[in-house]
Amino acid sequence: MKKILLFVSLMMIILFVVGCSNDVAIDDHQDESDHTDDVHDEPKPVAEKKVEAPVKTITPPAPEPTPSQPAESSVKEFTMTAKQWEFSQRELRVKQGDTVKITISSEDVTHGFSVPAFGVSERLSPGKTEVIEFTADKAGEHSFFCNVPCGSGHRGMKGTLIVE
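Just so you know, our numbering puts 20 at position 20 of the sequence shown, and the rest follows in order with no gaps.
Hints in this document: simulated from the structure, not taken from any laboratory.
One or more of the hints may lead you astray.
Said to hold, decoys possible - Computed list of lysine to aspartate or glutamate pairs in EDC-like fashion (alpha-carbon distance at most 20 Å, straight line):
no., residue 1, residue 2
1, Lys158, Glu91
2, Lys101, Glu77
3, Lys128, Asp108
4, Lys101, Glu130
To be verified - Just the calculated beta-carbon pair ranges, DEER-fashion:
no., residue 1, residue 2, range
5, Thr160, Glu130, 19 to 29 Å
6, Gln84, Pro116, 22 to 32 Å
7, Ala139, Asp108, 32 to 42 Å
Positions of the beta carbon are idealized from the N, C-alpha and C atoms, including for glycine.
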(Lines of atoms letter the chains of each structure in order from A and count residues from 1; the text may use other names and numbers.)
(Lines give C-alpha, C1' and ligand atoms only; values in the text may rest on other atoms or scores of the structure.)
Protein backbone atom coordinates (compact mmCIF):
# COMPACT_ATOMS: atom_id res chain seq x y z
CA MET A 1 0.00 0.00 0.00
CA LYS A 2 2.85 2.37 0.74
CA LYS A 3 4.33 1.61 -2.68
CA ILE A 4 1.11 2.56 -4.46
CA LEU A 5 0.78 5.75 -2.46
CA LEU A 6 4.41 6.64 -3.19
CA PHE A 7 3.93 5.88 -6.91
CA VAL A 8 0.77 8.04 -7.17
CA SER A 9 2.44 10.91 -5.28
CA LEU A 10 5.49 10.75 -7.54
CA MET A 11 3.30 10.81 -10.66
CA MET A 12 1.42 13.83 -9.33
CA ILE A 13 4.65 15.71 -8.69
CA ILE A 14 5.95 14.90 -12.19
CA LEU A 15 2.70 16.03 -13.80
CA PHE A 16 2.77 19.23 -11.74
CA VAL A 17 6.34 20.06 -12.75
CA VAL A 18 5.70 19.32 -16.42
CA GLY A 19 2.44 21.30 -16.41
CA CYS A 20 4.04 24.38 -14.87
CA SER A 21 6.98 24.39 -17.23
CA ASN A 22 7.38 27.44 -19.61
CA ASP A 23 8.97 25.49 -22.44
CA VAL A 24 6.97 25.59 -25.65
CA ALA A 25 7.47 23.07 -28.40
CA ILE A 26 8.20 24.70 -31.77
CA ASP A 27 7.12 23.11 -35.01
CA ASP A 28 10.21 22.85 -37.22
CA HIS A 29 8.14 22.72 -40.38
CA GLN A 30 6.87 26.29 -40.17
CA ASP A 31 8.01 28.79 -42.77
CA GLU A 32 10.61 31.20 -41.39
CA SER A 33 8.63 34.15 -42.72
CA ASP A 34 5.97 33.41 -40.09
CA HIS A 35 8.35 34.18 -37.20
CA THR A 36 8.76 37.68 -35.90
CA ASP A 37 12.11 37.98 -34.19
CA ASP A 38 12.26 41.76 -33.99
CA VAL A 39 9.14 43.46 -32.72
CA HIS A 40 10.39 46.91 -33.77
CA ASP A 41 10.57 46.26 -37.53
CA GLU A 42 9.11 49.08 -39.61
CA PRO A 43 6.16 48.01 -41.74
CA LYS A 44 6.88 47.87 -45.42
CA PRO A 45 5.02 50.49 -47.44
CA VAL A 46 2.18 49.19 -49.55
CA ALA A 47 2.12 50.39 -53.14
CA GLU A 48 -0.98 52.46 -53.86
CA LYS A 49 -2.87 52.09 -57.09
CA LYS A 50 -5.00 54.95 -58.31
CA VAL A 51 -7.96 53.89 -60.34
CA GLU A 52 -9.77 56.61 -62.22
CA ALA A 53 -13.35 55.75 -62.98
CA PRO A 54 -15.27 57.67 -65.61
CA VAL A 55 -17.58 60.27 -64.09
CA LYS A 56 -21.11 60.35 -65.43
CA THR A 57 -23.18 63.42 -64.64
CA ILE A 58 -26.92 62.94 -64.56
CA THR A 59 -29.01 66.06 -64.89
CA PRO A 60 -32.67 65.58 -63.97
CA PRO A 61 -35.18 67.10 -66.38
CA ALA A 62 -36.65 70.44 -65.37
CA PRO A 63 -40.08 70.00 -63.76
CA GLU A 64 -42.94 71.16 -65.91
CA PRO A 65 -45.62 73.33 -64.34
CA THR A 66 -48.77 71.33 -63.74
CA PRO A 67 -52.24 72.73 -64.27
CA SER A 68 -52.87 72.58 -60.51
CA GLN A 69 -49.81 74.76 -59.81
CA PRO A 70 -49.38 77.81 -62.03
CA ALA A 71 -45.84 78.91 -62.80
CA GLU A 72 -46.42 82.35 -61.26
CA SER A 73 -48.33 83.11 -58.10
CA SER A 74 -48.97 86.41 -56.43
CA VAL A 75 -50.40 87.84 -53.24
CA LYS A 76 -54.04 88.95 -53.48
CA GLU A 77 -55.01 91.32 -50.67
CA PHE A 78 -58.53 92.07 -49.47
CA THR A 79 -59.81 94.35 -46.70
CA MET A 80 -63.17 93.38 -45.20
CA THR A 81 -65.43 94.21 -42.30
CA ALA A 82 -67.97 92.06 -40.52
CA LYS A 83 -71.07 93.68 -39.02
CA GLN A 84 -74.66 92.80 -38.28
CA TRP A 85 -75.20 90.31 -40.40
CA GLU A 86 -72.99 90.68 -43.42
CA PHE A 87 -69.46 90.80 -44.72
CA SER A 88 -68.48 93.93 -46.68
CA GLN A 89 -67.49 91.70 -49.62
CA ARG A 90 -69.56 88.69 -50.60
CA GLU A 91 -67.25 87.49 -53.39
CA LEU A 92 -63.47 87.15 -53.49
CA ARG A 93 -61.81 86.11 -56.77
CA VAL A 94 -58.21 84.78 -57.03
CA LYS A 95 -56.08 82.53 -59.25
CA GLN A 96 -55.07 79.04 -58.19
CA GLY A 97 -51.72 79.17 -56.37
CA ASP A 98 -52.19 82.78 -55.21
CA THR A 99 -51.50 83.71 -51.62
CA VAL A 100 -54.67 85.22 -50.19
CA LYS A 101 -54.23 87.90 -47.52
CA ILE A 102 -57.43 89.12 -45.86
CA THR A 103 -57.36 92.00 -43.38
CA ILE A 104 -60.66 91.82 -41.52
CA SER A 105 -62.30 93.42 -38.50
CA SER A 106 -65.62 93.32 -36.68
CA GLU A 107 -67.49 96.60 -36.27
CA ASP A 108 -70.05 95.58 -33.66
CA VAL A 109 -70.06 92.18 -31.92
CA THR A 110 -67.86 89.10 -31.98
CA HIS A 111 -68.01 87.38 -35.37
CA GLY A 112 -66.02 84.65 -37.06
CA PHE A 113 -64.50 84.07 -40.49
CA SER A 114 -64.20 80.52 -41.77
CA VAL A 115 -63.14 78.96 -45.08
CA PRO A 116 -63.13 75.21 -44.33
CA ALA A 117 -61.66 74.24 -47.73
CA PHE A 118 -58.40 75.96 -46.72
CA GLY A 119 -58.45 75.29 -42.97
CA VAL A 120 -59.23 78.93 -42.10
CA SER A 121 -61.12 79.69 -38.88
CA GLU A 122 -60.62 83.03 -37.13
CA ARG A 123 -62.47 84.70 -34.26
CA LEU A 124 -63.08 88.42 -34.85
CA SER A 125 -63.34 90.53 -31.69
CA PRO A 126 -65.03 93.95 -31.96
CA GLY A 127 -62.61 96.77 -32.77
CA LYS A 128 -59.68 94.42 -33.46
CA THR A 129 -58.18 93.76 -36.87
CA GLU A 130 -57.04 90.27 -37.86
CA VAL A 131 -54.85 89.30 -40.82
CA ILE A 132 -55.62 85.91 -42.37
CA GLU A 133 -53.24 84.42 -44.92
CA PHE A 134 -53.40 81.15 -46.88
CA THR A 135 -52.60 79.67 -50.30
CA ALA A 136 -55.53 79.13 -52.66
CA ASP A 137 -54.36 75.78 -54.00
CA LYS A 138 -57.79 74.24 -54.73
CA ALA A 139 -59.70 75.46 -57.78
CA GLY A 140 -63.44 76.00 -57.55
CA GLU A 141 -66.04 77.93 -55.57
CA HIS A 142 -65.55 77.77 -51.81
CA SER A 143 -67.88 79.17 -49.16
CA PHE A 144 -66.78 81.51 -46.41
CA PHE A 145 -69.05 82.36 -43.49
CA CYS A 146 -69.34 83.56 -39.91
CA ASN A 147 -68.71 80.61 -37.60
CA VAL A 148 -69.50 82.41 -34.30
CA PRO A 149 -73.23 82.78 -33.45
CA CYS A 150 -73.76 86.55 -33.54
CA GLY A 151 -77.50 87.13 -33.59
CA SER A 152 -80.67 86.58 -35.58
CA GLY A 153 -79.08 87.22 -39.01
CA HIS A 154 -76.06 85.00 -38.37
CA ARG A 155 -76.98 82.48 -41.08
CA GLY A 156 -76.87 85.19 -43.73
CA MET A 157 -73.22 86.05 -43.06
CA LYS A 158 -71.64 84.20 -45.95
CA GLY A 159 -69.85 84.67 -49.23
CA THR A 160 -67.91 82.86 -51.96
CA LEU A 161 -64.19 82.54 -52.63
CA ILE A 162 -63.70 81.76 -56.33
CA VAL A 163 -60.36 80.15 -57.20
CA GLU A 164 -59.82 80.13 -61.00
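Quick rundown of the hints versus the structure:
{"no.": "1", "hint": "Lys158 with Glu91", "result": "holds (9 Å)"}
{"no.": "2", "hint": "Lys101 with Glu77", "result": "holds (5 Å)"}
{"no.": "3", "hint": "Lys128 with Asp108", "result": "holds (10 Å)"}
{"no.": "4", "hint": "Lys101 with Glu130", "result": "holds (10 Å)"}
{"no.": "5", "hint": "Thr160 with Glu130: 19 to 29 Å", "result": "holds (20 Å)"}
{"no.": "6", "hint": "Gln84 with Pro116: 22 to 32 Å", "result": "holds (23 Å)"}
{"no.": "7", "hint": "Ala139 with Asp108: 32 to 42 Å", "result": "holds (34 Å)"}
Hint check: no violations occur; every hint is consistent with the structure.
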